[in-house]
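Number of protein chains: 2
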Amino acid sequence: MKSQIRILGIDDAAFNKFKDKEVIVIGTVFRGGDFMDGVMTTKVKVDGDDATNKVIEMINKSKFKTQFRAIITDGIAVAGFNIFDVPLLYEKTRIPVIVVMRNYPDLKKIRGALTKLNMKNKIALLEKAGDIHKYKEIYFQVYGMEKEDAIEILNISCTHSYIPEPIRIAHLIGAGLVFGESKGRA
Amino acid sequence: MKSQIRILGIDDAAFNKFKDKEVIVIGTVFRGGDFMDGVMTTKVKVDGDDATNKVIEMINKSKFKTQFRAIITDGIAVAGFNIFDVPLLYEKTRIPVIVVMRNYPDLKKIRGALTKLNMKNKIALLEKAGDIHKYKEIYFQVYGMEKEDAIEILNISCTHSYIPEPIRIAHLIGAGLVFGESKGRA
Chain A
88 MKSQIRILGI DDAAFNKFKD KEVIVIGTVF RGGDFMDGVM TTKVKVDGDD ATNKVIEMIN
148 KSKFKTQFRA IITDGIAVAG FNIFDVPLLY EKTRIPVIVV MRNYPDLKKI RGALTKLNMK
208 NKIALLEKAG DIHKYKEIYF QVYGMEKEDA IEILNISCTH SYIPEPIRIA HLIGAGLVFG
268 ESKGRA
Chain B
88 MKSQIRILGI DDAAFNKFKD KEVIVIGTVF RGGDFMDGVM TTKVKVDGDD ATNKVIEMIN
148 KSKFKTQFRA IITDGIAVAG FNIFDVPLLY EKTRIPVIVV MRNYPDLKKI RGALTKLNMK
208 NKIALLEKAG DIHKYKEIYF QVYGMEKEDA IEILNISCTH SYIPEPIRIA HLIGAGLVFG
268 ESKGRA
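Residue numbers (the working numbering), protein chains in the order written: chain A, 88 to 273; chain B, 88 to 273.
Treat the hints with caution; some may be incorrect.
The list treats identical chains as interchangeable, and a pair is accepted whether it falls inside one copy or across any two copies.
Once the Cα atoms are required to be at most 25 Å apart in a straight line, the calculated BS3-like pairs of lysine-lysine come out as [stated by the list, open to error]:
#1 Lys106 - Lys148
#2 Lys132 - Lys104
#3 Lys141 - Lys195
Rather than coming from a laboratory, the hints here were simulated on the basis of the structure.
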């Protein structure tokens with residue numbers, strides 16, 4: 088695999104769960120793990136069901152679309168419990184998906200929360216994303232390519248930290264998109 | 088000068104000059120020319136007078152504030168003709184400012200436009216920013232440090248293109264912050 092493959096990193100922006108109805112989702116376009124050559128954004132509903140379709144739409148209208156070799160998401164959900172349907176994301180874009188998690192998810196706790204919030208139907212989305220694997224200090228699920236290929240993409244993209252650079256940068260952008268608050272935030 | 092100095096890159100987001108009243112201004116926090124470790128944002132008025140104070144405020148509340156060795160702005164204005172008072176930006180932050188321009192500015196044309204728009208008072212801001220120097224394919228003004236130190240900072244920060252990386256990335260983020268439009272934008 089070439090070290091300059093195009094990767095799309097996905098994360099959401101900071102939001103106030105008591106106030107905001109929509110949340111910005113950021114896509115960073117990387118060549119390998121060091122060069123960002125684009126940013127795209129969309130908006131999704133807090134705890135909604137539209138994240139998968141919004142991200143599919145965002146990708147399919149991108150000029151880089153045919154070049155992406157992988158989508159890396161920072162977790163399986165954005166905007167609270169707006170959980171990605173990972174197989175659908177792959178089927179509608181034909182781009183393999185790697186879901187990265189900083190910690191091993193507490194599935195029992197997540198199932199409990201979803202049940203309590205009347206979102207029990209979303210539990211299936213967690214399972215559809217496949218087995219959870221370990222890679223150095225992080226965990227991942229992969230859909231649309233072999234585990235070994237996903238590991239190679241993680242090797243290429245984890246350049247500056249143990250987090251793949253496309254989602255590290257998407258996260259920083261999302262964290263910076265907070266307006267008018269004196270948080271001493273960088 | 089160390090290659091890992093902290094630099095703040097400033098650019099504005101895309102906006103619709105017929106519709107938008109405020110524009111997002113993006114600050115990227117870089118260590119040298121390769122590692123981004125923060126993003127900050129503020130909002131300023133289209134063709135307003137608040138860019139200088141809003142950016143001063145954004146910087147002064149940042150946790151990186153004491154570490155910045157330079158501010159690099161992409162042009163001397165954001166949000167149309169919201170022109171920076173470069174000496175004031177320096178005085179209130181004590182961080183030297185480098186204004187980068189992709190082309191040599193047509194000062195006669197800018198003066199004409201400002202006069203026509205009843206913003207003649209802003210012409211002085213262009214002059215206060217100092218002489219315009221050439222650096223490879225770009226031009227710059229500098230305030231608060233020697234021209235030679237500014238060149239050293241441009242050498243450190245122009246890693247991936249002829250544009251300093253902090254403003255190249257601020258520009259990409261700003262361009263990506265356009266919602267709900269089918270521009271095929273990346």
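Status of each hint after checking the structure:
1. Lys106 - Lys148: between (30 Å within a copy, 24 Å between copies)
2. Lys132 - Lys104: within (11 Å within a copy, 28 Å between copies)
3. Lys141 - Lys195: Neither. Shortest intra-copy (28 Å) and inter-copy (46 Å) distances fail the 25 Å Cα cut-off.
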